[in-house]
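Please build the complex by placing chain W on the supplied structure of chain E, with the hints as guidance.
As a plain string of letters, each chain reads:
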Amino acid sequence: MAMAAPLVLHLLLALLLGLGGQSRAEPERDSLREELVLTPLPSGDVSATFQFRTRWDSELQREGVSHYRLFPKVLGQLISKYSVQELHLSLTQGFWRTRFWGQPFLQAPAGAELWVWFQNSVADVDKSWKELSNILSGIFCASLNFIDSTNTVTPTASFKPLGLANGTNHHFLRYAVLPREVVCTENLTPWKKLLPCSSKAGLSVLLKAERLFHTSYHSQAVHIRPVCRDAHCVSVSWELRQTLTVVFDAYTTGQGKKDWSLFRMFSRTITEACPLASQSYVYVDISRNGQENESLEVSPPPTSTYQAVILGDRKTYAVYDLLNLATFSGSRSLNLQLKWRQLQDIGYIHYQPAQDRLRPHLLEMLIQLPANSVTKVSIQFERALLKWTEYTPDPNHGFYVSPSVLSALVPNLVGAKPANWEESPLFSTMFPTSDSSSYFVRLYTEPLLVNLPTPDFSMPYNVICLTCTVVAVCYGSFYNLLTRTFHLEEPKRSRLVRWLANIIRRIRGVPPV
Amino acid sequence: MGLLLDSHRRRALARLLLRLNTPLCVVSYLAGVFWFLGLAFSPLTQNTYISENAMGSTMVEEQFEGGEHALNFARDFTAQRRKTGSLPVAWLERTMRSVGLEVYSQSFSRTLPFPDETHERYMVSGTNVYGILRAPRAASTESLVLVVPSSPETLNAQAVGLLLSLAAYFRSQIYWAKDIIFLVTEHDLLGTEAWLEAYHDVNITGMQSSALQGRAGAIQAAVALELNSDVVTSLDVAVEGLNGQLPNLDLLNLFHAFCQKEALLCTLQGKLQHSDWASLGGSLHGLQTLMLMVLRQASGRPHGPHGLFLRYHVEAITLRGINSFRQYKYDMTAVGKTLEGMFRKLNNLLERLHQSYFFYLLPSLSRFVSIGLYMPAIGFLLFIPGLKALELWVKLNKADFGPEEQLGPNHSLVQPFGQDARGVALTPLVAPVLISQATGLALYLLPVMGQHVAAQHFPVAEAEAVVLTLLAIYVAGLALPHSTHRVVSSTPRGPDSGWMALKLVALLYLAIQLGCISLFNFSLGFLLAVTMVPAAALTQPSGPRFLYAVLLVLVSPGATLLGSLFLWRELQEAPLTLAEGWQLFLSALAQGVLDHHLYGALLFPLLSLGLYPCWLLFWNVLFWK
Numbered sequence: 001m002a003m004a005a006p007l008v009l010h011l012l013l014a015l016l017l018g019l020g021g022q023s024r025a026e027p028e029r030d031s032l033r034e035e036l037v038l039t040p041l042p043s044g045d046v047s048a049t050f051q052f053r054t055r056w057d058s059e060l061q062r063e064g065v066s067h068y069r070l071f072p073k074v075l076g077q078l079i080s081k082y083s084v085q086e087l088h089l090s091l092t093q094g095f096w097r098t099r100f101w102g103q104p105f106l107q108a109p110a111g112a113e114l115w116v117w118f119q120n121s122v123a124d125v126d127k128s129w130k131e132l133s134n135i136l137s138g139i140f141c142a143s144l145n146f147i148d149s150t151n152t153v154t155p156t157a158s159f160k161p162l163g164l165a166n167g168t169n170h171h172f173l174r175y176a177v178l179p180r181e182v183v184c185t186e187n188l189t190p191w192k193k194l195l196p197c198s199s200k201a202g203l204s205v206l207l208k209a210e211r212l213f214h215t216s217y218h219s220q221a222v223h224i225r226p227v228c229r230d231a232h233c234v235s236v237s238w239e240l241r242q243t244l245t246v247v248f249d250a251y252t253t254g255q256g257k258k259d260w261s262l263f264r265m266f267s268r269t270i271t272e273a274c275p276l277a278s279q280s281y282v283y284v285d286i287s288r289n290g291q292e293n294e295s296l297e298v299s300p301p302p303t304s305t306y307q308a309v310i311l312g313d314r315k316t317y318a319v320y321d322l323l324n325l326a327t328f329s330g331s332r333s334l335n336l337q338l339k340w341r342q343l344q345d346i347g348y349i350h351y352q353p354a355q356d357r358l359r360p361h362l363l364e365m366l367i368q369l370p371a372n373s374v375t376k377v378s379i380q381f382e383r384a385l386l387k388w389t390e391y392t393p394d395p396n397h398g399f400y401v402s403p404s405v406l407s408a409l410v411p412n413l414v415g416a417k418p419a420n421w422e423e424s425p426l427f428s429t430m431f432p433t434s435d436s437s438s439y440f441v442r443l444y445t446e447p448l449l450v451n452l453p454t455p456d457f458s459m460p461y462n463v464i465c466l467t468c469t470v471v472a473v474c475y476g477s478f479y480n481l482l483t484r485t486f487h488l489e490e491p492k493r494s495r496l497v498r499w500l501a502n503i504i505r506r507i508r509g510v511p512p513v
Numbered sequence: 001m002g003l004l005l006d007s008h009r010r011r012a013l014a015r016l017l018l019r020l021n022t023p024l025c026v027v028s029y030l031a032g033v034f035w036f037l038g039l040a041f042s043p044l045t046q047n048t049y050i051s052e053n054a055m056g057s058t059m060v061e062e063q064f065e066g067g068e069h070a071l072n073f074a075r076d077f078t079a080q081r082r083k084t085g086s087l088p089v090a091w092l093e094r095t096m097r098s099v100g101l102e103v104y105s106q107s108f109s110r111t112l113p114f115p116d117e118t119h120e121r122y123m124v125s126g127t128n129v130y131g132i133l134r135a136p137r138a139a140s141t142e143s144l145v146l147v148v149p150s151s152p153e154t155l156n157a158q159a160v161g162l163l164l165s166l167a168a169y170f171r172s173q174i175y176w177a178k179d180i181i182f183l184v185t186e187h188d189l190l191g192t193e194a195w196l197e198a199y200h201d202v203n204i205t206g207m208q209s210s211a212l213q214g215r216a217g218a219i220q221a222a223v224a225l226e227l228n229s230d231v232v233t234s235l236d237v238a239v240e241g242l243n244g245q246l247p248n249l250d251l252l253n254l255f256h257a258f259c260q261k262e263a264l265l266c267t268l269q270g271k272l273q274h275s276d277w278a279s280l281g282g283s284l285h286g287l288q289t290l291m292l293m294v295l296r297q298a299s300g301r302p303h304g305p306h307g308l309f310l311r312y313h314v315e316a317i318t319l320r321g322i323n324s325f326r327q328y329k330y331d332m333t334a335v336g337k338t339l340e341g342m343f344r345k346l347n348n349l350l351e352r353l354h355q356s357y358f359f360y361l362l363p364s365l366s367r368f369v370s371i372g373l374y375m376p377a378i379g380f381l382l383f384i385p386g387l388k389a390l391e392l393w394v395k396l397n398k399a400d401f402g403p404e405e406q407l408g409p410n411h412s413l414v415q416p417f418g419q420d421a422r423g424v425a426l427t428p429l430v431a432p433v434l435i436s437q438a439t440g441l442a443l444y445l446l447p448v449m450g451q452h453v454a455a456q457h458f459p460v461a462e463a464e465a466v467v468l469t470l471l472a473i474y475v476a477g478l479a480l481p482h483s484t485h486r487v488v489s490s491t492p493r494g495p496d497s498g499w500m501a502l503k504l505v506a507l508l509y510l511a512i513q514l515g516c517i518s519l520f521n522f523s524l525g526f527l528l529a530v531t532m533v534p535a536a537a538l539t540q541p542s543g544p545r546f547l548y549a550v551l552l553v554l555v556s557p558g559a560t561l562l563g564s565l566f567l568w569r570e571l572q573e574a575p576l577t578l579a580e581g582w583q584l585f586l587s588a589l590a591q592g593v594l595d596h597h598l599y600g601a602l603l604f605p606l607l608s609l610g611l612y613p614c615w616l617l618f619w620n621v622l623f624w625k
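Order-wise, the sequence lines are chains E and W. Heads up: the first sequence begins at 1 in the working numbering, then just goes up one per residue. Heads up: the second sequence begins at 1 in the working numbering, then just goes up one per residue.
The shape of chain E in the complex, shown without the other chains (with noise of 0.2 Å):
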């Protein structure tokens, strides 16, 4: 025994030693990167897109991490716990107008939308789901724990991993949408907080939420996915994106005039890069298309341009590099300003009705538009009624009808050629493309109001009880008068009922019976 207890510790120690030095020799990298896109819209209006990119080159589904640096411990430890393989939360407030803003960087449908892949050793799908928006819905303070089979959709066409993935068995895939979930600063400040400098410092000290929701269009979101770690593509690493894009209308908070500066916006002026960031980076669209009668003006001169490719438009921008201490030249500050000087054929068809009050119908279509076409998609639907519990507080509301999405290919008009996935802009690499020749969109429509038919709630223990006294009252007499045959009996009488009626019928003179 007293051999036994020293070989332990060594053991023990050689345990630790060896673990020690593994992690010794390989450390975890972890990188922030943010931006802010500044887009003058054709409207007037200005839009701003914030992406804050965490990567972190590690396993996150091996158990066992326990050291978060960047990353926040509590989306990773979410991933680890339910095997996500990847997660895209959404929270929308307005409409993108595509019609007038032109294409967004990333459509977002009004309200709540969240759609999440599951690992393939995921054993029950529905239960993993059902925990996972409980607990977002505590994370981001928003309803989604309303999410359940009768909202939830599995796609099976439109929605693909948008990183590494092994198989794309559309079992694993889970997609929920709620129109009517308002969002609102309760839901911007856990954003904030999931953020390296969350509003400290950097791009995120523009995030008031004062200005923010004084805006026509807000949408906030957290896209987790894995993707390759380097060019090789041997190791996994995993890359939060944090996007928020706002639409300021011009209109109103300029007094019709379409120009802006950061201060006007969001009521600050960035000070610093955020000092935990490897690359900070503001971009603004001077790219004039359309427009050849204006021409627009940045102040200060931006230290470089950028120009590419987005969205099948060439594009300039004017990029300001936060880390670089000549943006802030003169002053202590960046304002920027921007002025203004005098712009069918379907190829396949997935229908899963729904069964009532389990889940909701899904049709995907893949249609081949043709060129200058009006392709128009209508649905036929009947009004039912609904059982009385099912009835919401507000019937006379109406009843919401998710966005429908609408995910498309289109061919880039001007050549460009293939970039650096890692070294270009976060904007222009939400999705994965596999050559240039096209881009991917996806849009959004907006959400329908629909009316279905609703008692007069005020009334209904009068109705019920009308309804049933009329029933009870009625129906048996009707029955019982139309279903039977009547005969006429003589009554018989008895002997001495008879006797007194002959003595009155003597007495009145009439003959007796």
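Some hints here could point you the wrong way.
Claimed, not checked - What follows is a list of derived Cβ distance ranges for each label pair:
id : chain 1 : residue 1 : chain 2 : residue 2 : range
1  : E       : Tyr479    : W       : Phe34     : 31 to 41 Å
2  : W       : Pro376    : E       : Leu406    : 24 to 34 Å
3  : W       : Asn348    : E       : Ser121    : 43 to 53 Å
4  : E       : Tyr475    : W       : Leu390    : 15 to 25 Å
5  : W       : Ser370    : E       : Ser261    : 54 to 64 Å
6  : E       : Val463    : W       : Leu16     : 26 to 36 Å
7  : E       : Asp456    : W       : His200    : 19 to 29 Å
What the hints contain is simulated information worked out from the structure, not anything from laboratory work. Beta carbons: idealized from backbone N, C-alpha and C, even for Gly.
For chain W alone, kept in the frame of chain E given last:
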């Protein structure tokens, strides 16, 4: 019901019914009529009140000051209208865009079934222009509509000006939670119909129109505006819509509340409210207003563009600016403030307007009669055909037995149907019922189908041809053979059983039709019941038949229409002469047919396919022998 199971008691009851039938009918009729006349008096009317919590009192002050701006827009619009000769689409689009709206237009065309002589149009094509004010941070699921109809005869230039000025003002406000659609339609109701059909992506009237490019979700409420003068003395509000549909009473209450807040003069049916409601004069004034409303509702025509919105479950009213000889005038700012107030309250709605009444009659703007209080009037009237039918049924069942006393104790009143000679024989009735229905069908189809043939062979225009064919078929129906039943019925069953059976069927048919009509359009049901029911109850092929014939002709649906026209003008204090009345009658017939084809009004098919054949059955009863 137990009473009916005992045949002795049943016989006693039947005897009682036969004896008291006539007095009961008279009492019931008088009760119905007086109940209706009493609707304007104080115990039956209530004060209106806003039920919808979301539109309750707010401390908002209306800040619209764009009255002059509106008049400038109106002057420009008139000038552009004169220059282009039709709706100045390009100018409207430019102006709407300049005030910051999303602008779209929609073109439509419609060929009327026959030329409309009142509005002088046949092949109509036009363009609607609308601009959408997008509410910030809303996903375009709900919207409100402000609609101004513009047509060659009523330009509504001031209304268009006010619409543009309001749009500019609304655009600079930040509190909108619903999108607001500013719509200018051409060719008044036709344009509105085309726009509504395209907005809801349906086609029910054969309108050809281009699809709408811009939408704004479910429309929650709509206000139509008609203004033709720079200043107004009062605002008149119209509520009666297509087929007698009414908007939720809360919308009217909202308008009334802002009338009082802005101290505007507001009228209903062109009548001001009487100052002293409690007095007899006040109540009689209310009765007059109520009668006008009943007549307008019974006509089933949309009395303004709002009437077409109601079909899509969109609550809507029409406001008309009146410029009369009163001393005190209001400018555009006052009207604009009223509209601003209404839209801001509607903007607060969380649900569709549903809290208040959908069925009501209005003796004045501040008082109403609810459905529970006016329905007894028609209930009393419909009691009469029921009583009469019961009487006939009892009589028919013992027609063969002569005097009551000889009825043996072993016979009951009711025998299984069709087993015995007693009971109602239906075969002789087939011919008259079929002939009457066929006449009704001809009345419905032939005038429009045969207009070209008629116009070729007679020196009349198409519109006249339609009306004259209508009258010709109507009158010809009276001269149809009334002796068909003699050929068919071979079994003699007593002298009276034939006409009694026919009258029984006709009475039940009438009662069912009137009952159904009064459920969705009380006014129409009541007007028809109060005229047709007594004549129908009296008709029989014996007694003073000439008197009955005159009475029946006087209460036929066509004659009721003529009478209503005279009554309507009498109540408006603009009585008609006989010749004017006739002219108005002819044009009302044409309009009735047109309304059916253009907007789907149901009065014409109801009368021609339902009530006219029913009336012919009574005519048949009268000339049975």
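To see whether the hints hold, each was checked on the structure:
Look at Tyr479(E) against Phe34(W): about 38 Å separates their beta carbons, and that is inside 31 to 41 Å. For the pair Pro376(W) and Leu406(E), the supplied restraint of 24 to 34 Å is violated, since their beta-carbon distance comes to about 57 Å. Range check, Asn348(W) to Ser121(E): about 52 Å between beta-carbon atoms, so the 43 to 53 Å window is met. Distance hint check for Tyr475(E) and Leu390(W): the Cβ-Cβ separation is about 21 Å, which falls inside the suggested range of 15 to 25 Å.
Between Ser370(W) and Ser261(E) the C-beta distance comes to about 60 Å, which sits within the given range of 54 to 64 Å. Against the hinted window of 26 to 36 Å, the Cβ-Cβ separation of Val463(E) and Leu16(W) comes to about 35 Å, which satisfies the hint. Distance hint for Asp456(E) and His200(W): a CB-CB separation of about 24 Å, consistent with the stated range 19 to 29 Å.
Figure legend: structure checked against the earlier numbered hints; the only hint not met is number 2.
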